[in-house]
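Trainee: Dock chain B against the given chain A, drawing on the hints supplied.
There are 2 protein chains.
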Amino acid sequence: MCKNRVWKHVVKEGDSLVDATCGNGNDTLAMVKMVAEKSCRGRVYAMDVQKIALENTFSLLDEELSTDEKELVELFAICHCKMEEVVPTGVPVRLVAFNLGYLPGGDKTLVTTSETTLLALEAAKRILAPQGLISIVVYVGHPGGREEFETVRAFASELPVDNWICCNLQLLNRPLAPVLVFLFKR
Amino acid sequence: MCKNRVWKHVVKEGDSLVDATCGNGNDTLAMVKMVAEKSCRGRVYAMDVQKIALENTFSLLDEELSTDEKELVELFAICHCKMEEVVPTGVPVRLVAFNLGYLPGGDKTLVTTSETTLLALEAAKRILAPQGLISIVVYVGHPGGREEFETVRAFASELPVDNWICCNLQLLNRPLAPVLVFLFKR
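Sequences listed follow chains A and B, in order.
Mapping to numbering that gives the first Met the number 0: the first sequence position 84 is 83, numbers consecutive.
Mapping to numbering that gives the first Met the number 0: the second sequence position 102 is 101, numbers consecutive.
The following block holds chain A by itself, in its conformation from the complex (with noise of 0.2 angstroms):
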């Protein structure tokens, strides 16, 4: 709910937005609500590895947007390292967001990884707006989950202070909660 907030202030009607791993839709459904406005120029790329992943959010779209808003957003079955195969070139990014870890009662086994996790961040850091968000959800509770963490702490950590305000809101008594990792550039 936070999140939602934050993405509030930050996306308008008729911004182009990256859903980089959409599991179950619910974010996906989130932003084209964000951005759906008369003149049907938002559009939501939404992607995900998994096949459930995007059978499931195509049935919460289906179901939850009308005819014209179903027409802002698009599913692809690839990995989020390669964001920049289905955004169209030159295209403002206002807002990627990313939910790591695995998918919401999925298989727990397939989980994203430190590795491909590094490579969207830097695919989302170049096609981002100015005053655009990158937005990542952490879950930190499973195996691994702590190293993708740091690695995405690393990555924020390194942006300049002058283009980027980088920071992370995390649970202090639920220490296995996941943790939001805000960037926003200047």
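No lab work stands behind these hints: they were computed from the structure.
Take these hints with a grain of salt, some might be off.
[Claimed, not checked] Each pair of labels, with its calculated beta carbon distance range:
(1) Ser113/A - Pro174/B: 20 to 26 angstroms
(2) Cys1/B - Leu175/A: 23 to 29 angstroms
(3) Ser113/A - Cys39/B: 54 to 60 angstroms
(4) Pro87/A - Pro91/B: 25 to 31 angstroms
(5) Ser113/A - Glu149/B: 35 to 41 angstroms
[Said to hold, decoys possible] From the structure, some residues in chain A lie toward chain B, with a derived Cβ separation under 7 angstroms:
(6) Thr150
(7) Arg152
(8) Ser156
(9) Arg173
Don't be surprised by glycine CBs; every beta carbon is placed ideally from N, CA and C.
Mentor: Chain B in isolation, oriented as in the chain A frame:
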């Protein structure tokens, strides 16, 4: 700025608040503005151990507040660990705010310490109303700052998850920037 937005989600007109470390008075001023209303029920109890801090706060309030608003605030020359001596018993306190470290623009060798900060946090926990907030800004760039943050973090991490939401907000690419810690009581 982020901190004040969070406060506004918690504080209502007519509430009683504690500024545990009034410093130059900016937070005290913001607090009075948040609680002030026609019936003059709101109260802000502000304290500091440094005489210069209380003088700066008094000057700022004198300049920025109306006569009615000035009636809502009381300044005390005591340590934050003794807040229970100045807040009337039974008053439900909606917000206790801490700015740990040294007085901005003041003597950097005069700092809050882990020992009294821990006592003050325990006092704040006792007087806080349900749906209240303990807000802590921890400066980590001065000697002892990191240790004080660890004290705050340890305190927060032990609060029961059923009754408290404890989170911290850190700038990842500015490791010496102050850390925000919010302890929300359910």
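Trainee: Which numbered hints are broken by the structure, listed smallest first?
Mentor: Checked against the structure, the hints that fail are numbers 4, 5 and 6, while the rest are satisfied.
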